[in-house]
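Trainee: So the sequences go chain by chain: A and B.
Going by our numbering, 42 is the number at position 42 of the first sequence; the sequence numbering is gapless.
Going by our numbering, 76 is the number at position 76 of the second sequence; the sequence numbering is gapless.
To be clear, the hints were calculated from the coordinates, so they are not data collected in a lab.
If you're wondering where the values come from, they're calculated on a predicted model, not measured in any experiment.
Possibly wrong hints are sitting among the right ones.
To be verified - Rough simulated footprint, nothing fancy, chain B against chain A, three-plus residues with beta-carbon under 8 Å:
{"no.": "1", "region": "54–63"}
{"no.": "2", "region": "122–131"}
{"no.": "3", "region": "516–527"}
What the hints assert, rightly or not - Here's a subset of chain A near chain B, in silico, CB distances under 7 Å, partners left out:
{"no.": "4", "residue": "T2"}
{"no.": "5", "residue": "I134"}
{"no.": "6", "residue": "A135"}
{"no.": "7", "residue": "G143"}
{"no.": "8", "residue": "G265"}
For every residue, glycine included, the Cβ atom is placed at its ideal position computed from N, Cα and C.
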Amino acid sequence: MTIGWQVLVCGGTGCRASQSERIEKALKEEIRRCGLEDEAQVIRTGCFGFCEKGPVVKVIPDNTFYVQVRPEDAEEIVSEHLLKGCRVRRLLYVDPETHLRVSDSKHIGFYRKQLRIALRNCGFIDPENIGEYIARDGYAALGKALTGMTPEEVIGEIERSGLRGRGGGGFPTGLKWKITRQAPGERKYVVCNADEGDPGAFMDRSILEGDPHSVLEAMAINGYCTGASKGLIYIRAEYPLAVERLKTAIGQAREAGLLGDDILGSGFSFDVEIRYGAGAFVCGEETALIRSMEGQRGEAMVKPPFPSERGYAGCPTNVNNVETYANIPVILLKGADWFAGIGTERSKGTKVFALAGKINNVGLIEVPMGTTLREVIFGIGGGIKNGKKFKAVQTGGPSGGCLTEKHLDIPIDYDNLLAAGSMMGSGGMIVMDEDDCMVSMAKFYLDFTVEESCGKCAPCRVGNKRLHELLQKITGGKGTEEDLERLRNLALVIRDTALCGLGQTSPNPVLSTLDNFRDEYLAHVREQRCYAHQCRDLTQYFISPEICRGCTLCARACPVNAISGERKHPHAIDPLLCVRCGSCLEKCKFGAVRVR
Amino acid sequence: MERIATVEELRQRRESYRERLELRERSNDPERVVRIRVGLDDCGIAAGARETARYFRREVERRGLEALVVPVGCMGFCDREPTVEVILPGREPVVFGSVGLPEAERILEDYLGHGTLPETVLCLPRRFFFPGAPEGPGDDDSGREGGEG
Numbered sequence: 001m002t003i004g005w006q007v008l009v010c011g012g013t014g015c016r017a018s019q020s021e022r023i024e025k026a027l028k029e030e031i032r033r034c035g036l037e038d039e040a041q042v043i044r045t046g047c048f049g050f051c052e053k054g055p056v057v058k059v060i061p062d063n064t065f066y067v068q069v070r071p072e073d074a075e076e077i078v079s080e081h082l083l084k085g086c087r088v089r090r091l092l093y094v095d096p097e098t099h100l101r102v103s104d105s106k107h108i109g110f111y112r113k114q115l116r117i118a119l120r121n122c123g124f125i126d127p128e129n130i131g132e133y134i135a136r137d138g139y140a141a142l143g144k145a146l147t148g149m150t151p152e153e154v155i156g157e158i159e160r161s162g163l164r165g166r167g168g169g170g171f172p173t174g175l176k177w178k179i180t181r182q183a184p185g186e187r188k189y190v191v192c193n194a195d196e197g198d199p200g201a202f203m204d205r206s207i208l209e210g211d212p213h214s215v216l217e218a219m220a221i222n223g224y225c226t227g228a229s230k231g232l233i234y235i236r237a238e239y240p241l242a243v244e245r246l247k248t249a250i251g252q253a254r255e256a257g258l259l260g261d262d263i264l265g266s267g268f269s270f271d272v273e274i275r276y277g278a279g280a281f282v283c284g285e286e287t288a289l290i291r292s293m294e295g296q297r298g299e300a301m302v303k304p305p306f307p308s309e310r311g312y313a314g315c316p317t318n319v320n321n322v323e324t325y326a327n328i329p330v331i332l333l334k335g336a337d338w339f340a341g342i343g344t345e346r347s348k349g350t351k352v353f354a355l356a357g358k359i360n361n362v363g364l365i366e367v368p369m370g371t372t373l374r375e376v377i378f379g380i381g382g383g384i385k386n387g388k389k390f391k392a393v394q395t396g397g398p399s400g401g402c403l404t405e406k407h408l409d410i411p412i413d414y415d416n417l418l419a420a421g422s423m424m425g426s427g428g429m430i431v432m433d434e435d436d437c438m439v440s441m442a443k444f445y446l447d448f449t450v451e452e453s454c455g456k457c458a459p460c461r462v463g464n465k466r467l468h469e470l471l472q473k474i475t476g477g478k479g480t481e482e483d484l485e486r487l488r489n490l491a492l493v494i495r496d497t498a499l500c501g502l503g504q505t506s507p508n509p510v511l512s513t514l515d516n517f518r519d520e521y522l523a524h525v526r527e528q529r530c531y532a533h534q535c536r537d538l539t540q541y542f543i544s545p546e547i548c549r550g551c552t553l554c555a556r557a558c559p560v561n562a563i564s565g566e567r568k569h570p571h572a573i574d575p576l577l578c579v580r581c582g583s584c585l586e587k588c589k590f591g592a593v594r595v596r
Numbered sequence: 001m002e003r004i005a006t007v008e009e010l011r012q013r014r015e016s017y018r019e020r021l022e023l024r025e026r027s028n029d030p031e032r033v034v035r036i037r038v039g040l041d042d043c044g045i046a047a048g049a050r051e052t053a054r055y056f057r058r059e060v061e062r063r064g065l066e067a068l069v070v071p072v073g074c075m076g077f078c079d080r081e082p083t084v085e086v087i088l089p090g091r092e093p094v095v096f097g098s099v100g101l102p103e104a105e106r107i108l109e110d111y112l113g114h115g116t117l118p119e120t121v122l123c124l125p126r127r128f129f130f131p132g133a134p135e136g137p138g139d140d141d142s143g144r145e146g147g148e149g
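Please construct the entire structure, taking both the sequences and the accompanying hints into account.
Mentor: Here you go:
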């Protein structure tokens, strides 16, 4: 019997957290119960990207995109859709503007403006089946390189494509490969940096979960170009699913002879091993990463020498990020000119972003370089949650800066983001609305960098701690205007003197909020006010006696008995007892509880 | 999986896996291929639409046609079930009535093969069957919009 239905179930970490494995099982059971085993197949894919609406199930051949599916829905999907051809309308996505149900993801605003190159196979193929990857021209680029091109030609192609490192720095990938090739040395190594540490970023994890072979193929191509025969993937152990899929992929590739000795009869041998990280942010920095792989403490080293000259075990080592590798096979197959035709003048191709924070469509997207922030946040991202006002977006994680309303129309690329005081980073985008306090935000990121600093150099170890204390003072209502000057001076010194990327970029959130939200800092230090009501020491809860009906709800909700008052008479909050937890505000039905 | 020893073998392996992906590729870009839409609601199934759909699927695969067999809901023409609509790329959709296996074969031979309408099968352009239905009968597969949310 010929397969007529394919039911794709998202097997990414996000959808699995909301029971996609149970959905998969229920679908299979229901298909068996209805006697459709010969006609319908259930396939587990990688992440579809639309995590906000997960778990996602897609039905082929009518390309029906079901959102927020529950295991109980499996019965109806099979009995109505697979048996009778009728879509289950209640599971279709509702367009927030037109209020119409949309069945094909192509017409959903979230997908319409995307261009998927690095994510080309995510949510389309079964990542645990090498056959599906091969059917999508997988390993064809490796074949083309090994049998029809010299290493110089491959490097030339990558150089002409204009691909730049997707991990954050944006170093030209072709040039890096060339330097590693030219570096003298018997043994060389290819390293894949999968140590994704930015809070709110999950691009690399999704690629490894959804399309692990694309990374293996690209690493082998790199090995051919640089003369390395060993590849190492440095991945954090807290990505268990990605690790599992990688192991499966490596096993399958070895079995198929696409890793190992004499690949495709070319005489070239290459193999890949996984190395686990314990989840330290600094290990995303390449020199610290290499030390960690060698079994030493994850501490950054002085550059030069760069890893391309002296890296793992003292040998020339090419370190690239997961997303960078995922682009390589397509570039070789479709050509450098095709790739260079996408994007802006100095940033070619696409970039994957992880949208998070106060945005309607949380998820993973890929857009051409040069797309504006406005298109990403309001077009694809669907705008701000609960109709609130956009305040800022943090790009580049703790190393980046925040961008505001006035930056919304700049085309996103490496240079524009740097000029605007932020950076591309690995692609995390955290959106903030009017309820977020930017001083607290800067403090949050410093919390993170203070925690993650390796402690090797004083500017980072001591300086960031002092920066954090200053912010603590300001959010605690004890700051002065001189503290703002101190904050800036110290931030600039750290930026200029720290040893590695972590330290050099850690003051960025402070500097960019100081530049873009100076008024907010001034309100904190001059008026002792936090208008976003995020800084507890600066907010005060009180009950408006004209509105309060004396219903006692707030008094009963208060965990510290700070609210007193007679029944049916206005209540009052004792500011000395109040811990500013906000429970009374939540409970009051009359809007009598106010915050100042 | 068996070892792939040469680039030529890799190409062959790709072809052999292609079929599994073909359904997904075509469904992603349906305007590019011939769409055979079979009405598969209760009245259609009672009249044998399931067998018709299976026949189309099998033949599309056997003949290597660039086509997608899409089961859809009730097309509303219960008198002439199984009802099948065929959309050739860039052409007006045509609805066929009472499509059993012999009729299905004629549709494949005459309409898909030569672009001519088979004489022995009841067929009319979609607009005669369903005037004023821009998206087509049954559950539309354009995916653009499907009624109020």
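Trainee: If a hint holds in the structure, say so; if it does not, say that too.
Mentor: Verification of the hints:
1. Check on the region 54–63 of chain A: 4 of its residues sit with their Cβ under 8 Å from a Cβ of chain B, so the three-residue criterion for coverage holds.
2. For the region 122–131 of chain A, the assignment as covered by chain B holds, since 4 residues bring a beta-carbon within under 8 Å of that chain's beta-carbons and 3 suffice.
3. Closer than 8 Å: that is the beta-carbon criterion, and the region 516–527 of chain A has 0 residues meeting it against chain B, so the requirement of 3 is violated.
4. Checking T2/A against chain B: minimum C-beta separation of about 4 Å stays under 7 Å; hint holds.
5. Taking 7 Å as the C-beta cut-off, the interface hint given for I134/A holds, the closest approach to chain B being about 5 Å.
6. Interface hint status for A135/A: upheld, as the beta-carbon distance to the closest one in chain B is roughly 4 Å, under 7 Å.
7. Below 7 Å, beta-carbon pairs count as interface contacts, and G143/A has one with chain B at about 4 Å; its hint therefore holds.
8. Because the closest C-beta pair between G265/A and chain B is about 5 Å apart, less than 7 Å, the hint holds.
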